[in-house]
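J.: What follows is the residue order along each chain.
Number of protein chains: 2
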Amino acid sequence: MGTCGHEELHHLAAEAAKANMPNEEDVGRVAAVFKAVSEPSRLKILFALRQGEMCVYHIVEAVGGTQSAVSHQLRMLREGRMIKARRDGQNIVYSLADEHVLAVLELVCTHVKCKI
Amino acid sequence: MGTCGHEELHHLAAEAAKANMPNEEDVGRVAAVFKAVSEPSRLKILFALRQGEMCVYHIVEAVGGTQSAVSHQLRMLREGRMIKARRDGQNIVYSLADEHVLAVLELVCTHVKCKI
DNA sequence: GTAATATATGAACAGTTATTCATATATTGA
DNA sequence: TCAATATATGAATAACTGTTCATATATTAC
Chain U
27 MGTCGHEELH
37 HLAAEAAKAN
47 MPNEEDVGRV
57 AAVFKAVSEP
67 SRLKILFALR
77 QGEMCVYHIV
87 EAVGGTQSAV
97 SHQLRMLREG
107 RMIKARRDGQ
117 NIVYSLADEH
127 VLAVLELVCT
137 HVKCKI
Chain L
27 MGTCGHEELH
37 HLAAEAAKAN
47 MPNEEDVGRV
57 AAVFKAVSEP
67 SRLKILFALR
77 QGEMCVYHIV
87 EAVGGTQSAV
97 SHQLRMLREG
107 RMIKARRDGQ
117 NIVYSLADEH
127 VLAVLELVCT
137 HVKCKI
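Residue numbers (the working numbering), protein chains in the order written: chain U, 27 to 142; chain L, 27 to 142.
None of these hints come from the bench; they were simulated from the model.
Wrong hints could be hidden among the right ones.
It does not matter which identical chain is meant; a pair holds if it fits inside one copy or across any two.
[Claimed, not checked] Here are the simulated lysine-lysine pairs, BS3-like style, with alpha carbons at most 30 angstroms apart:
#1 139 x 44
#2 141 x 44
#3 44 x 110
Go ahead and model the full structure; you've got the sequences and the hints to work with.
T.: Right under this line is the structure:
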């Protein structure tokens, strides 16, 4: 390593990048959101909840897997604020947290040319 | 588990979810994109490249870490089509792949209230 | 209060992944 | 051709993560 042919240009970009880099905590929070949806099992839950709110039993029906695994996954999605929960009697009813979630899903699906 | 108080409604949603669930391959591809940006080290590279294209040396300068680690990370981002590379003499110059990447970053930053 | 149902959670194990180290490849200049 | 520079990559290891199993909590009906 050393210097490249675009020394001035790239060095300026690198300096600007350092100056504008979000702090470690913010980078970590953004990364956590992406991590929450980076596993197929959790991604399927989000795809499923596009159809409307559901209790855990029906989420399991929609995406497969065991109740325990789905429950763990729901917790991660909830901690990343991708979904929200409300209790309704014996059930906990889950739904997408806000419009950002759908927007991001749609953007990325467009990116990989996946029709949803 | 069994039935919940919203049996009809949730069951319909679950059935629709199964019917509209992308196939395993597409879910995997979307998940792979998210996984690529779910690690702080890789996320920082994307934040850095917002300032313009850079060669590896300057990316290392901007985000820290070793040349080898950054090179491995660049490969993952490239495979996920988040960044693109072109050779320029001895250097490989990297840049964000397309407008989707920035758009997704901005959406998620808004979501977690991180100013970028 | 007790039984039944729905959901959550802690611990452990298996599988995955990020980094490091050493080395390989590719380009340039002499 | 040889040396120097820039970047990439394979293997190994340490850290992390998803799932399973067993169990806990919360709500409802009796």
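J.: Take the hints in turn and mark each one as holding or not.
T.: Verification of the supplied hints:
Proximity of residue 139 to residue 44 under the C-alpha cut-off of 30 angstroms is restricted to the inter-copy arrangement: shortest distance 20 angstroms between copies versus 33 angstroms within a copy. For the identical chains of this complex, residue 141 and residue 44 are inter-copy neighbours only, at 15 angstroms across copies versus 37 angstroms inside a copy, given an alpha-carbon limit of 30 angstroms. For a Cα distance limit of 30 angstroms, the shortest separation of residue 44 from residue 110 across copies, 21 angstroms, qualifies, whereas the shortest one inside one copy, 35 angstroms, does not.
The structure fails none of the hints (numbered hints given earlier).
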